[in-house]
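If you read the protein sequences in the order shown, they are chains A and B. Under the numbering used here, the letters of the first sequence match residues 974 to 1083, in that order. Under the numbering used here, the letters of the second sequence match residues -2 to 114, in that order.
Source of the hints: derived by calculation from the structure; they are not laboratory data. There may be inaccurate statements among the hints.
Stated by the list, open to error - Here are a few chain B residues that sit away from chain A, every Cβ distance over 10 Å (derived from the structure):
id	residue
1	Gln3
2	Gly13
3	Lys52
4	Gly58
5	Pro83
Unchecked claim - Looking from chain B toward chain A, a few residues come up when the C-beta cut is under 7 Å (computed):
id	residue
6	Pro5
7	Phe36
8	Leu41
9	His82
10	Ser86
11	Leu103
12	Leu111
In this text the structure is predicted, and so the values were computed from the model without any measurement. C-beta atoms are modelled at their ideal positions from N, C-alpha and C, and glycine is treated no differently.
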Amino acid sequence: GQNIDQPTEMTATEGAIVQINCTYQTSGFNGLFWYQQHAGEAPTFLSYNVLDGLEEKGRFSSFLSRSKGYSYLLLKELQMKDSASYLCAVNSYNTDKLIFGTGTRLQVFP
Amino acid sequence: GAVVSQHPSWVICKSGTSVKIECRSLDFQATTMFWYRQFPKQSLMLMATSNEGSKATYEQGVEKDKFLINHASLTLSTLTVTSAHPEDSSFYICSARGAAGGGEKLFFGSGTQLSVL
């Protein structure tokens, strides 16, 4: 089966940098996704990694190490609106389904 | 980007009634759609995979007779919660993936908040 772990909650200060980690175990790895979800809303896509390395997209970057089963989402220049849940999700060739981790609730303080 | 429309956005119903939720891919054909359920402060739990023209595949622990899924066309999947009870109250979200298959990002509907009285 698949197992995905992320911290439950994190806090940070406006303007700072925060790194949200995700570790996973799966067979037939076929990509890792990061989504942002505000309360009461549907998730929105942030990033996708299928090869090792860092993908940068504006203030957000995502890193993947397949050998370690590890990814992180890096948020720079934090803004109050970044307070949300961040969901790590893994796709598998074997199941062809996207399975989500428990999500990390990030709270940004002024 | 691709658009997935889901409605209703919220519904309140009496215990014992059935509720239908629709999920449409507006600008692409979705051979596969997924239905997720999310309880407050929890992550998305996959309920079932809906394939156009065939029976849905349900995750372990999800009652297929209670959560009826129909994927009658390449742009529409429906989830019917039959004989709803208060414990079925949750946020239901659909997502769709295009015909090209795995490795693509899923596009999510806006979600349906179901409250069963």
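Hint by hint, here is what the structure shows:
A Cβ of chain A approaches the Cβ of Gln3/B within 10 Å, the least distance being about 8 Å, so the stated non-interface status is violated. No beta-carbon of chain A comes within 10 Å of the beta-carbon of Gly13/B; the shortest separation is about 26 Å. Distance to chain A confirms Lys52/B as a non-interface residue, since its nearest Cβ pair spans about 16 Å, more than 10 Å. Taking the minimum C-beta to C-beta distance to chain A, about 13 Å, the non-interface status of Gly58/B holds against the 10 Å cut.
Non-interface status of Pro83/B relative to chain A is upheld: no Cβ of that chain comes within 10 Å, the nearest being about 19 Å off. This hint is violated: Pro5/B has a C-beta 14 Å from the nearest C-beta of chain A, more than the 7 Å allowed. Against a cut-off of 7 Å between C-beta atoms, the interface hint on Phe36/B is violated, since the closest Cβ of chain A lies about 12 Å away. Among the interface hints, the one on Leu41/B holds; its C-beta lies about 5 Å from the nearest C-beta in chain A, closer than the 7 Å criterion.
Annotation: His82/B was flagged as interfacial toward chain A, and the flag is violated, the nearest CB pair being 22 Å apart, outside 7 Å. Using the Cβ-Cβ criterion of 7 Å, the hint placing Ser86/B at the interface with chain A is not satisfied: the shortest such distance is roughly 14 Å. Evaluation of the Leu103/B hint against chain A yields a held restraint, the C-beta minimum of about 6 Å falling below 7 Å. Checking Leu111/B against chain A: minimum C-beta separation of about 13 Å lies over 7 Å; hint violated.
Going through the hint list in order, the structure does not satisfy hints 1, 6, 7, 9, 10 and 12.
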